[in-house]
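**Q** Listed below, chain by chain, are the residues.
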Amino acid sequence: MEKVKSLADLKKISESFKKGIDLREKSSHPDDIVQVKVAMATCGIASGAKETMEYLSSELEKRGIEAIVTQTGCMGYCYAEPTIEVTLPGQNPVVYGEVDIRKADEIIEKYIKTGELVNGIIPQNYETID
Amino acid sequence: MKELALHILDICNNSVDAGASWIEITIDEATKPDHIIIAIGDNGKGMDSEMSSRVEDPWFTTRTTRKQGLGIPLIKQQAITSGGSFRIESEPGEGTTVLASFLKESVDRQPMGDLAGVLLILSGTSKEIRVVMNYLTETGSWRFDTDEIKSVLETEQITGNGLTVALREMIEYNVGELNPEAY
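Residue numbers (our numbering), protein chains in the order written: chain A, 13 to 142; chain B, 23 to 205.
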């Protein structure tokens with residue numbers, strides 16, 4: 013495909029990604045889909061929250077999980093950045109700390125897909141049994 | 023923080039917190055030779071002169087989750103150590119503009135980094151916030167405007183992998199044309 017260089021090019025190929033947008037606009041019913049908030053204050057940004065957020069939003073879509081990924085402010089866990097808050101439909105939110113790309117992958121595969129908790133929950137009161 | 027783009031993201035998040043519906047980022051490599059001037063303006067709630075002077079203090083913050091506020095001090099430090107300057111202009115009820123200049127050739131000047139990624143995160147932050155970026159160099163200028171993108175695509179939201187990939191390509195191409203070192 014030609015490189016997208018201008019708004020006109022963007023318009024031309026827009027049909028190919030309209031579906032993705034339509035999917036997200038369902039977020040008027042945010043209670044039915046997975047919500048992920050990435051803490052993106054100074055502490056988060058400095059620790060790599062931008063990469064974590066980019067990974068989460070692209071991977072969740074690639075893996076066919078209906079989710080909305082947004083950024084939020086500092087949750088006060090600056091020592092454990094990047095932190096993310098995951099809310100599965102109908103459940104209480106869970107906060108994970110030190111979420112690099114590897115951890116994010118584990119959270120998608122285990123917690124988001126199957127509901128199985130993984131290590132790294134904040135406040136630290138949970139540990140998996142080997 | 024290792025990239026100028028990350029500082030831009032951080033400062034723009036202050037604008038979001040200040041209730042801005044419009045954020046304009048200007049990256050100017052044309053006006054002052056050998057300098058990169060980054061200006062981030064918003065129409066948020068603004069600050070009085072007392073608060074404007076206190077935000078440069080790392081121990082000042084309006085939030086309650088922690089006692090430090092490092093966003094402004096960090097960008098200021100980067101600007102000053104690279105031989106540039108830093109200034110905040112703000113008016114209560116009008117908005118705030120943060121101005122930082124960097125000496126291009128200084129060894130302490132951080133690279134621009136992933137500007138496209140930062141613009142995309144900001145564009146997806148809220149439907150209600152218009153994000154504009156002007157990139158100016160001696161050879162020309164380029165403007166990114168979420169309102170233009172939304173009207174061309176007849177959509178309210180900038181989201182989804184397909185659109186993100188296409189927009190990244192557009193930003194990197196246009197910024198790269200102006201400054202090949204940026205991309």
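None of these hints come from the bench; they were simulated from the model. Virtual Cβ for every residue (Gly too), placed ideally from N, Cα, C. There could be a bad hint or two in this list.
[What the hints assert, rightly or not] Just so you have them, the derived chain B footprint on chain A, three or more residues with Cβ under 8 Å:
(1) 52-63
(2) 74-86
[To be verified] Far from chain B by the CB rule (all over 10 Å, computed), these chain A residues:
(3) Pro101
(4) Asn104
(5) Lys115
(6) Ile133
**Q** Which constraints among the numbered hints does this structure fail? Numbers only, ascending.
**A** Violated hints: none; all satisfied.
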